[in-house]
Every structure is written in structure tokens, then in C-alpha cells.
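Peer 1: Sequence:
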Amino acid sequence: MFADPLEAPASDAVPARPRVARKDVLMAAGYAAAVLLLAATGARNSGFVEGWEGWPRWFSVLILLVACTSLVWRRRLPVLPLVVAGPLAAAEVIVGGQISAYLLLFEALFEPIMHGSKRLARFTTGTAISLAVLALLIAVGLGASGPILLVVVLVASLVVSTPLLWGWEVRHHRDARVTAESLTEMEHELAATRAAHAVETERRKIAHDLHDVIAGHLSAVSLHTNLAASLEQPEARDSSLATARDSAHAALRDLRSMIGVLSTEHSATLPSVTLDWPSLTARLHGRDPDASVSIAPAVEDPSRVEPSVQAALLRIAAEASTNAVRHGLAPITLAVRVESAGNETTAEGVEGLAAEMVTFELTNRRAQSSVPGTGVGRGAIAYRAAAVGGSATSGPAPADGPDAGSWRVLAHLPSCATGRECPTELDAEGGPGAGAGTDASARDASRRDAATTSPSTNQEVTP
Numbered sequence: 001m002f003a004d005p006l007e008a009p010a011s012d013a014v015p016a017r018p019r020v021a022r023k024d025v026l027m028a029a030g031y032a033a034a035v036l037l038l039a040a041t042g043a044r045n046s047g048f049v050e051g052w053e054g055w056p057r058w059f060s061v062l063i064l065l066v067a068c069t070s071l072v073w074r075r076r077l078p079v080l081p082l083v084v085a086g087p088l089a090a091a092e093v094i095v096g097g098q099i100s101a102y103l104l105l106f107e108a109l110f111e112p113i114m115h116g117s118k119r120l121a122r123f124t125t126g127t128a129i130s131l132a133v134l135a136l137l138i139a140v141g142l143g144a145s146g147p148i149l150l151v152v153v154l155v156a157s158l159v160v161s162t163p164l165l166w167g168w169e170v171r172h173h174r175d176a177r178v179t180a181e182s183l184t185e186m187e188h189e190l191a192a193t194r195a196a197h198a199v200e201t202e203r204r205k206i207a208h209d210l211h212d213v214i215a216g217h218l219s220a221v222s223l224h225t226n227l228a229a230s231l232e233q234p235e236a237r238d239s240s241l242a243t244a245r246d247s248a249h250a251a252l253r254d255l256r257s258m259i260g261v262l263s264t265e266h267s268a269t270l271p272s273v274t275l276d277w278p279s280l281t282a283r284l285h286g287r288d289p290d291a292s293v294s295i296a297p298a299v300e301d302p303s304r305v306e307p308s309v310q311a312a313l314l315r316i317a318a319e320a321s322t323n324a325v326r327h328g329l330a331p332i333t334l335a336v337r338v339e340s341a342g343n344e345t346t347a348e349g350v351e352g353l354a355a356e357m358v359t360f361e362l363t364n365r366r367a368q369s370s371v372p373g374t375g376v377g378r379g380a381i382a383y384r385a386a387a388v389g390g391s392a393t394s395g396p397a398p399a400d401g402p403d404a405g406s407w408r409v410l411a412h413l414p415s416c417a418t419g420r421e422c423p424t425e426l427d428a429e430g431g432p433g434a435g436a437g438t439d440a441s442a443r444d445a446s447r448r449d450a451a452t453t454s455p456s457t458n459q460e461v462t463p
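Letter 449 of the sequence shown, counting from 1, is numbered 449 in my numbering, and no numbers are missing.
In case anyone wonders, no lab produced these hints; they're calculated from the structure.
Some hints could be false.
Stated by the list, open to error - Taking lysine to any residue pairs in the SDA-like style, the calculated list, with each CA pair at most 20 Å apart, reads:
| # | residue 1 | residue 2 |
| --- | --- | --- |
| 1 | LYS23 | ALA39 |
| 2 | LYS205 | SER308 |
| 3 | LYS118 | LEU164 |
| 4 | LYS23 | GLY97 |
| 5 | LYS205 | LEU165 |
| 6 | LYS23 | TRP73 |
| 7 | LYS118 | TRP73 |
| 8 | LYS205 | ALA195 |
| 9 | LYS23 | TRP58 |
| 10 | LYS205 | ILE259 |
| 11 | LYS118 | ALA176 |
| 12 | LYS118 | ARG76 |
| 13 | LYS205 | ALA386 |
| 14 | LYS118 | VAL178 |
| 15 | LYS118 | SER130 |
| 16 | LYS118 | LEU165 |
| 17 | LYS118 | GLU169 |
| 18 | LYS118 | ARG171 |
| 19 | LYS23 | ALA34 |
| 20 | LYS205 | ALA33 |
| 21 | LYS205 | TYR383 |
| 22 | LYS118 | ASP175 |
| 23 | LYS118 | PHE106 |
| 24 | LYS118 | ALA34 |
| 25 | LYS205 | ALA417 |
| 26 | LYS118 | VAL79 |
| 27 | LYS118 | ALA135 |
| 28 | LYS118 | HIS172 |
| 29 | LYS118 | TRP166 |
| 30 | LYS205 | ALA382 |
| 31 | LYS23 | ARG76 |
| 32 | LYS205 | ILE129 |
| 33 | LYS205 | LEU164 |
| 34 | LYS118 | SER161 |
| 35 | LYS205 | VAL79 |
| 36 | LYS118 | ALA195 |
| 37 | LYS118 | THR69 |
| 38 | LYS118 | VAL83 |
| 39 | LYS118 | ARG177 |
Could you put the whole structure together from the sequences, leaning on the hints where they help?
Peer 2: Pasting the structure below:
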């Protein structure tokens, strides 16, 4: 006969106002039937007013039926049982003595806490406790007998406290369930957002990979086919067409490799692309035969530059070279060098070499009639650099510098990608990194050898 607590409104500030349902009418009818049945059996007490038999039974039944009627609006207007059923049931308990009045008093206190706003629930609790204390004080002040005083204490402590405690407990459970459902919904939304973000990140990665792998080869095909159409010498035209054919084959091979990677379950597999420093150097020399290319041998040394950084550097170089060939003019200058970031002191107090930095710089003269690009290449360069913890900029060179009027791509990458542990070489004999002195000597020799430059390509080579 009590209300279903899980159907109460979840909001505390502005509770929902549901329409009067059939179950509300049935509940009120059930209480009315209980009132009539208990009255017919004659089950009652003498009330709390000594020396008075109470009002007639028909009057008690009448006021209790009015109290039952107010329960029809227990969910839509929960304050109504409090102001109607509450006073009538309390009056019947004090004067009339009908047992069914205790049931209606329970509902009059329970419904506002369960279905009302938090403000109404607190008001109901405070009012009920105040009236119970007031009843005890009045009983003591009027000099009630021991049995009457004991009954007043029992009514105040049980009939009043039970609906209050039960109502708040059920309300807290309901609010906890609503909060849990809200958190679950938010978690699902967050998971969907993360999934969408992962898909977007993967889409951008695939777009950058396609751009880096295919764009350079297709640019070479376009450049050499246009060049072949303007050449009159058969040997030079055949050479340009052969270069365009080789670039087309390389683009097709790289595209097939990437499609194979995307169609496999191993998402971490990288496509085997035809990117290396000699091919990039040849691409730049195809645009500017006198291009100055200087690549430090340490760039291809895994002990100096981590493979993931090498791959990012090659992608940046491929994109920058493609833009220089497509949009730039001679002179073209490319320099890739590995520089020490300085010394650092380890936890053991031994001074060792800090992580090195790889610097990539490509400059070329800007073509006035160049077709504007889409900007995807510049974004790809910055993305590749940031992926390994570096930075990259591309744009016009400073107007007050020696390369004024040129386009410059400048990237700084750590020799060890962010999030990875790079070994620290120590010079302490017998300590961690023993033998570092020999490695340092080898590095010094490598740096001295790097000064040797190939006269034909101006590219540093290892003797």
C-alpha cells in the first residue's frame, strides 16, 4: 500500500509533477477500505484526552476518509497529504483513537519526504520533530499520568521518527541511483567522444601518411613530365621521362604497401616507404642541380638518433623537399645536423652527455607564379615534429636575415622521442655507462669525418 519509491522524481529543486495515476487512486481507496474495516471491528484506543470518550465513530470515519482522499495527489502535490491528512490523523490519534489514524499519519509524513522537493522534505522533518517535542512538553506541563506520558513518548519516538527515517533513507537510495545513471550516461558519452577522437586522429594520421608517401613521387612525375614536354634533346627528354616513370613506380609501390598495412589487423605496422636521404637529395637536384645538401652521418646512426625520430625526420624532409620542388626555385639549401644539447648531472653526481638535438633546415627561393598550396603539407610537418616531442616551423625567412625572400622550413627534434628512456652516457670508470669515453672518442672522430663533403652532391659522406 506504500508508494513505489523508485518512481519518485529525481530532481530536488524542481520535482516533476506527474499526473494522477490509477495506482494513486487505488492506494487511496485501499486506505479508505482499511479505515472502514478497522472502524467496523471496533478496534480503537481511548485517545490522549483523559475523561473524554472522544467524538462519535461516524465523525472519526468521516475525517479519516477525507485524509485518505488527499493521498490521491501524493505524487502530484505531495504537500497536500501533509496539510490535510497530517492534522486530521493527528487529531484522531489524540481525540478519537481510531487505529487507522496511525497509518494515515505515517503516509502524511512519508509522502512529502519521498515525493516532494528537498526544501519540503526538510520542512516536514523539522515540523514533525518540533510537534513531537511540543507534545511531550505539553503532556509534562499538564501533569499527565505515567501511562499517558509513556504512550506519548512511544508515539513521538516511533510514529513520527519511523516515516521520517524511512523516507530519507529511500530518498537517498533513489538519488544515488539517479546519480549513478547520470554518471553512466556521461561515461558512455565520454567513451563515444574518445572513440570519435581516436577515429579522427587515425584519419589524420592516414591522411598525413598518404600525403608524405605519395605526394613527393607524384610531384616528381609532374615536374619531369612537364620538363620532358619542353625539351628538344632526345637524351634529356628520355632521362626526364625515365625519372617520371621511376617516381610513378615508387608511388605505386608505396601506395600498395600502405594499403596492405591498412588492411591488416596489426595497426602498429608501418608501411615500407621508399624514403631515404639519397632519393631526397636526387629529388632536390632534379629541381636545382647546384643544390647544397649537407646531411650529418649521425642522422642515420641508431645509437645517436632513435629510429622513430629518424622516420619522423625523413617524413619532414620528404614534405619539405616536395614543397621546394613544386613551389620553389633555385638556390635550394638543405642542412641536417646533430648537435649536443649540453651536459647534465645524473643522480649519482656524475656529469654526462644530455640528449642531442637534430636540426633540419631547408631554404629555397620562392616562385612568384607558384600555385597556392592547400596547407596540408605545413600541418603534416608540424604534426610529425610534435609527435616525437620536437617543433617545426615553415614560412618566409626573416626579412632582416641572410635568407630574406626565401622560404624556410626549420625543425628541431630530440634524438630520443618523448616518452622513451634514452641511455645516459657516463664517463665514470666502472660505473653505469662504462666505456663511454671510447664512445665519445668515436663520436669526435665521426664529427671530424663529417667535415668531408662529396664534391659532386655536396652531401656529407662517411669515409
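Peer 1: Work down the list of hints and note, for each, if the structure agrees.
Peer 2: Checked hints:
Straight-line distance between C-alpha atoms of LYS23 and ALA39 comes to about 24 Å, which puts the hinted pair past the 20 Å bound. Of the pairs offered as hints, the one joining LYS205 and SER308 holds, with about 15 Å between alpha carbons and a cut-off of 20 Å not exceeded. Distance hint between LYS118 and LEU164 is fulfilled; the C-alpha atoms sit about 13 Å from each other, no more than 20 Å. The straight-line distance between the Cα atoms of LYS23 and GLY97 is roughly 29 Å, outside the 20 Å bound, and the hint therefore fails.
About 59 Å separates the Cα atoms of LYS205 and LEU165, which puts this hinted pair outside 20 Å; it is violated. As the CA atoms of LYS23 and TRP73 are separated by approximately 11 Å, the hinted pair is consistent with the 20 Å bound. Straight-line distance between C-alpha atoms of LYS118 and TRP73 comes to about 18 Å, which keeps the hinted pair within the 20 Å bound. Only pairs whose Cα atoms come within 20 Å are accepted, and LYS205 paired with ALA195 is accepted, the gap being roughly 15 Å.
In summary, the hint linking LYS23 to TRP58 is not supported, as the alpha carbons are separated by about 27 Å, beyond the 20 Å threshold. For the suggested pair LYS205 and ILE259, the alpha carbons sit about 14 Å apart, so the restraint of at most 20 Å is met. For the given pair, LYS118 sits about 15 Å from ALA176 by alpha-carbon distance, which is consistent with the 20 Å threshold. Distance hint between LYS118 and ARG76 is fulfilled; the C-alpha atoms sit about 15 Å from each other, no more than 20 Å.
Distance hint between LYS205 and ALA386 is fulfilled; the C-alpha atoms sit about 13 Å from each other, no more than 20 Å. Proposed proximity of LYS118 and VAL178 is supported: the alpha carbons are some 15 Å apart, at most 20 Å. Our distance criterion of 20 Å between C-alpha atoms is met by LYS118 and SER130, whose separation comes to about 18 Å. At roughly 14 Å between alpha-carbon atoms, LYS118 and LEU165 fall within 20 Å of each other, so this suggested pair holds.
Taking the CA atoms of LYS118 and GLU169, the gap is near 13 Å; set against the 20 Å cutoff, the hint holds. Between the alpha carbons of LYS118 and ARG171 the distance comes to roughly 10 Å, so the proposed pair stays at or under 20 Å and holds. At most 20 Å may separate the alpha-carbon atoms for a hinted pair to count; LYS23 and ALA34 meet this at roughly 16 Å. For a cut-off of 20 Å, the pair hint linking LYS205 to ALA33 is broken: about 73 Å separates their Cα positions.
For the suggested pair LYS205 and TYR383, the alpha carbons sit about 9 Å apart, so the restraint of at most 20 Å is met. Between LYS118 and ASP175, the direct Cα distance comes to roughly 11 Å. Compliance with the 20 Å bound is thereby established for this hinted pair. Annotation: proposed proximity of LYS118 to PHE106 holds, straight-line Cα distance about 19 Å (limit 20 Å). At roughly 31 Å between alpha-carbon atoms, LYS118 and ALA34 are farther apart than 20 Å, so this suggested pair is violated.
The hinted pair formed by LYS205 and ALA417 meets the criterion: a straight-line CA distance of about 18 Å does not exceed 20 Å. Taking the CA atoms of LYS118 and VAL79, the gap is about 12 Å. The hint holds against a cut of 20 Å. Restraint check for LYS118 and ALA135: the C-alpha separation of about 26 Å exceeds 20 Å, so the hint is violated. For the proposed pair LYS118 and HIS172, the alpha carbon gap of about 11 Å is at most 20 Å, so the pair holds.
Using a Cα cut-off of 20 Å, the hinted pair LYS118 and TRP166 holds, with the two alpha carbons roughly 15 Å apart. This hinted pair checks out: LYS205 and ALA382 have alpha carbons roughly 12 Å apart, not beyond 20 Å. For a cut-off of 20 Å, the pair hint linking LYS23 to ARG76 stands: about 13 Å separates their Cα positions. Our distance criterion of 20 Å between C-alpha atoms is broken by LYS205 and ILE129, whose separation comes to about 67 Å.
With a CA separation close to 60 Å, the supplied pair LYS205 and LEU164 exceeds the 20 Å bound. Using a Cα cut-off of 20 Å, the hinted pair LYS118 and SER161 holds, with the two alpha carbons roughly 18 Å apart. With a CA separation close to 61 Å, the supplied pair LYS205 and VAL79 exceeds the 20 Å bound. Between LYS118 and ALA195 the CA atoms are separated by roughly 38 Å; this puts the pair beyond 20 Å, and the hint is violated.
With a C-alpha separation of about 24 Å, the suggested pair LYS118 and THR69 falls outside the 20 Å cut-off, and the hint is violated. Our distance criterion of 20 Å between C-alpha atoms is met by LYS118 and VAL83, whose separation comes to about 17 Å. Of the pairs offered as hints, the one joining LYS118 and ARG177 holds, with about 17 Å between alpha carbons and a cut-off of 20 Å not exceeded.
Hint compliance for this structure: hints 1, 4, 5, 9, 20, 24, 27, 32, 33, 35, 36 and 37 are broken, all remaining hints hold.
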